[in-house]
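Student: Sequence lines, in order, name chains A and B. Its first residue numbered 50, the first sequence is counted upward by one per residue in the working numbering. Its first residue numbered 102, the second sequence is counted upward by one per residue in the working numbering.
Be aware that one or more of the hints could be misleading.
Sample of chain B residues at the chain A side, in silico, Cβ under 10 Å [what the hints assert, rightly or not]:
#, residue
1, LEU120
2, TYR124
3, THR126
4, THR139
5, VAL170
6, MET186
Treat the hints as calculated values from the structure; they're not laboratory data. On a predicted model such as this, the values are computed, not experimentally measured, just so you know. Quick reminder that beta carbons are idealized off the backbone N, C-alpha and C, glycines included.
Residue strings, one per chain:
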Amino acid sequence: MLPEAAQHAHHPALAHQFDSLAQQREAATLGMWVFLVTEVLFFGGMFATYAIYRAWYPEAFAAASHELDVMLGTINTVVLITSSLTMALAVHAAQLGQRRVVLWFLAGTMVLGAVFLGIKSVEYYHKFTEHHVPGPGFQFEREYFRHAQLFFSLYFLMTGLHALHMVIGIGIMLVMFWWAWRGTITADYYSPIEISGLYWHFVDIVWIFLFPLLYLIGRHGP
Amino acid sequence: MTDHILPKRVYYIIFGILLLCTYLTVQIAFFDLGRLNTVAALVIAVFKAILVVLFFMHVKYSTRLTWAVALGSVFWLAILFVLTMGDYLTRGWRTYG
Numbered sequence: 050m051l052p053e054a055a056q057h058a059h060h061p062a063l064a065h066q067f068d069s070l071a072q073q074r075e076a077a078t079l080g081m082w083v084f085l086v087t088e089v090l091f092f093g094g095m096f097a098t099y100a101i102y103r104a105w106y107p108e109a110f111a112a113a114s115h116e117l118d119v120m121l122g123t124i125n126t127v128v129l130i131t132s133s134l135t136m137a138l139a140v141h142a143a144q145l146g147q148r149r150v151v152l153w154f155l156a157g158t159m160v161l162g163a164v165f166l167g168i169k170s171v172e173y174y175h176k177f178t179e180h181h182v183p184g185p186g187f188q189f190e191r192e193y194f195r196h197a198q199l200f201f202s203l204y205f206l207m208t209g210l211h212a213l214h215m216v217i218g219i220g221i222m223l224v225m226f227w228w229a230w231r232g233t234i235t236a237d238y239y240s241p242i243e244i245s246g247l248y249w250h251f252v253d254i255v256w257i258f259l260f261p262l263l264y265l266i267g268r269h270g271p
Numbered sequence: 102m103t104d105h106i107l108p109k110r111v112y113y114i115i116f117g118i119l120l121l122c123t124y125l126t127v128q129i130a131f132f133d134l135g136r137l138n139t140v141a142a143l144v145i146a147v148f149k150a151i152l153v154v155l156f157f158m159h160v161k162y163s164t165r166l167t168w169a170v171a172l173g174s175v176f177w178l179a180i181l182f183v184l185t186m187g188d189y190l191t192r193g194w195r196t197y198g
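Please work from the sequences and hints to get the whole structure.
Tutor: Following this line, the structure appears as structure tokens:
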């Protein structure tokens, strides 16, 4: 570490266009939030599509939703919320400069992310064997045949893009793990972990909405 | 900014509330409340999202500019939904003929 005065003059992590590490951190957080706004609208378009078709075909959507596995969906929700906790604790440890703790919590976050994807792929496998994948092989009650395909198209599109975000998230965490491992992340320079955390929590929020809207409609029905 | 370091306890408490809300939302779904089912599901989801944004994402302790951008996402999303639904949900309305 450099002595206190020299750090202020030129911290190795401080880019030359910023006055201070605090200002640099603020800019990084703000930039990430601007990106997340575009992500909100990206998923927003799909949620709007869902809302329209569900308003038009409520019975078909309820019947199709009934085919999803609430137990697996609930377990995955808990897994993802727990991964958000480990992520938040990783950021917390990074703020305190506790390198080993950061590594453990990042590893935990990645493992939980992988568990989520594993359970998701089991669910996808079930949907394939039950012929609930839209297309020529699709099978469903005659009455709702066409509109249930809309539900399942949205199901695969929305959970698929969510899963893609999870895969990217795990990739980002791998890089963060590497950076924390080699000592790039310090109590002075933790914004990479912080803004990666923002991304991870955002992906969690998308699932917080997907879970009730896809799995829990029409549970009380006949 | 998060120069303000939260005590770890905060994260555990928020985690507990999120789990409780997940339990609630699943339980409520099995009761027939008519249209209120969807309302309840969305209210709980929004509440959970707000907790994640404020505490896990540290917005509660962030600059006003970050607040403005985060709220901006809700604003643009509202435009997306209001204008789209204003069209689709009123197509059956007949005002003449």
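Student: Hint by hint, note whether the structure agrees.
Tutor: Verification of the hints:
Evaluation of the LEU120 of chain B hint against chain A yields a held restraint, the C-beta minimum of about 6 Å falling below 10 Å. Restraint check, TYR124 of chain B versus chain A: the minimum CB separation of about 9 Å is within 10 Å; hint holds. Hint status for THR126 of chain B relative to chain A: holds, with the closest Cβ pair at about 5 Å, below 10 Å. Look at THR139 of chain B: its Cβ gets to within about 7 Å of chain A, closer than 10 Å, so that hint holds up.
Interface hint status for VAL170 of chain B: upheld, as the beta-carbon distance to the closest one in chain A is roughly 4 Å, under 10 Å. Against a cut-off of 10 Å between C-beta atoms, the interface hint on MET186 of chain B holds, since the closest Cβ of chain A lies about 7 Å away.
Comparing the model with each earlier hint shows no violations; every hint is respected.
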